[in-house]
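Engineer: Sequence:
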Amino acid sequence: MTFLHSHILSLYQAVKQRLRQWTRPDNHTLVLNTALDLTRSKPELVLENALLRQQLIILQRQTKRPKLTWCDRSLIVLLASKLRRWKEALIIVKPDTVLRWHRELFRRFWKCKSRSQAKQGRPLLTEDLVALIKQMAWENATWGAERIRGELLKLGVRVSKSTIQRYIEERGSRSSNQTWATFLRNHASQIWACDFLQTYDIFFRTTFVFVIIELGSRRIVHFGVTRNPTDQWTAQQLREATPFGEGPRFLIRDSDSKYGESFACVASDIEVLKTPYRAPRANAHCERFIGSLRRECLDHFIILNERHLHRIVKEYETYFNTDRLHQGMDQRIPRQKGRPEPLESPPDNGELSSQPVLNGLHHIYSWVGAQSAGHSQAQRPIVH
Numbered sequence: 001m002t003f004l005h006s007h008i009l010s011l012y013q014a015v016k017q018r019l020r021q022w023t024r025p026d027n028h029t030l031v032l033n034t035a036l037d038l039t040r041s042k043p044e045l046v047l048e049n050a051l052l053r054q055q056l057i058i059l060q061r062q063t064k065r066p067k068l069t070w071c072d073r074s075l076i077v078l079l080a081s082k083l084r085r086w087k088e089a090l091i092i093v094k095p096d097t098v099l100r101w102h103r104e105l106f107r108r109f110w111k112c113k114s115r116s117q118a119k120q121g122r123p124l125l126t127e128d129l130v131a132l133i134k135q136m137a138w139e140n141a142t143w144g145a146e147r148i149r150g151e152l153l154k155l156g157v158r159v160s161k162s163t164i165q166r167y168i169e170e171r172g173s174r175s176s177n178q179t180w181a182t183f184l185r186n187h188a189s190q191i192w193a194c195d196f197l198q199t200y201d202i203f204f205r206t207t208f209v210f211v212i213i214e215l216g217s218r219r220i221v222h223f224g225v226t227r228n229p230t231d232q233w234t235a236q237q238l239r240e241a242t243p244f245g246e247g248p249r250f251l252i253r254d255s256d257s258k259y260g261e262s263f264a265c266v267a268s269d270i271e272v273l274k275t276p277y278r279a280p281r282a283n284a285h286c287e288r289f290i291g292s293l294r295r296e297c298l299d300h301f302i303i304l305n306e307r308h309l310h311r312i313v314k315e316y317e318t319y320f321n322t323d324r325l326h327q328g329m330d331q332r333i334p335r336q337k338g339r340p341e342p343l344e345s346p347p348d349n350g351e352l353s354s355q356p357v358l359n360g361l362h363h364i365y366s367w368v369g370a371q372s373a374g375h376s377q378a379q380r381p382i383v384h
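Counting from 1, position 242 in the sequence shown corresponds to residue 242 in this note's numbering; the numbering is continuous, with no gaps.
Just so you know, the hints here were simulated from the structure itself, not pulled from any lab data.
Since the model is a prediction, treat every value here as computed from it, not as a measurement.
There's no promise every hint is true.
Mimicking DSSO-like on lysine-lysine, the simulated pairs with C-alpha atoms at most 30 Å apart in a straight line are [to be verified]:
| no. | residue 1 | residue 2 |
| --- | --- | --- |
| 1 | K82 | K16 |
| 2 | K67 | K113 |
| 3 | K67 | K87 |
| 4 | K154 | K134 |
| 5 | K67 | K16 |
| 6 | K111 | K94 |
| 7 | K111 | K82 |
| 8 | K111 | K134 |
| 9 | K42 | K16 |
The task is simple: from the sequences and hints, build the whole structure.
Structural biologist: Here you go:
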């Protein structure tokens, strides 16, 4: 009985498959197709006719490959969803394409619905608050979304963690380690930097200028001039720059052989930071001063000897520390406390004084004998 039942079932499936092949719309026999359509229901024939008609409308467009609009795709998907044998009625596209259109329409439907619900939810953040979140994320590389949320709570601003995460994605894969620029900015008042400047005298003899600068105030701490910059001489310069053990916490230098054992012995209480090989930007402040010393001073003189070079550099050091304004310090002077207050207008009873520096290479301008607001403005420099 089991064998007979399976045999009858397989015969039924074969007949059913054969009937499906006969009733396919792409059969080329008109009489047979007409006879088979009489066995189908009227709603099914109407839907199939509409699906075929829509495809004909698309094919009538005079293009090599007609472009289907989203209206066409939506209509085909709708008709195919109502027709039982929709796969057999497709001519211009494949069934997989219709299924892909259906999935895309499904995503668009729920996307629009989600947007409409989002408008009824929490209010959007203001531009100032978004800028504040991005600023906190950028200035504090080690802070996450929860840390920023806690900082905003201190300011009386309540923002969810997921909202903050959405706005700090622009930070990307920024390293949480402290950068070299951040280290210099945080410890500028405790860092000194030193380097050598090489120049030539009138007889083309090599002369070196050793410079030590303080990063926080850009003040020239010490300098020395020599023809033979040995390790002992360099150590003596550092010893003179740090009398009674008063020195910085960090000292930036390169890997020059002039910094030997004697120099290391004098700098035993200082943490020496060696810059990488061929990396002048790691010691940018000292390199910048050396460039200014060349452009603003040494390039305009013919050096006679060591004594002459020392006198010129000494005068430039005094001008650099006491009168020269620095753009990198917001137009401040290294040895002046606070920022100089610019004058709103020149005083009526003041006389302009011009004091030459380096034989007239530079000048210092100030008002002499001016009285304003009950106190004297004598020797106050003009701030440009």
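Engineer: Next step is simple, just say for each hint if it's right about the structure.
Structural biologist: Hint check results:
no. : hint         : in the structure
1   : K82 to K16   : 22 Å, holds
2   : K67 to K113  : 28 Å, holds
3   : K67 to K87   : 21 Å, holds
4   : K154 to K134 : 17 Å, holds
5   : K67 to K16   : 37 Å, violated
6   : K111 to K94  : 26 Å, holds
7   : K111 to K82  : 24 Å, holds
8   : K111 to K134 : 27 Å, holds
9   : K42 to K16   : 21 Å, holds
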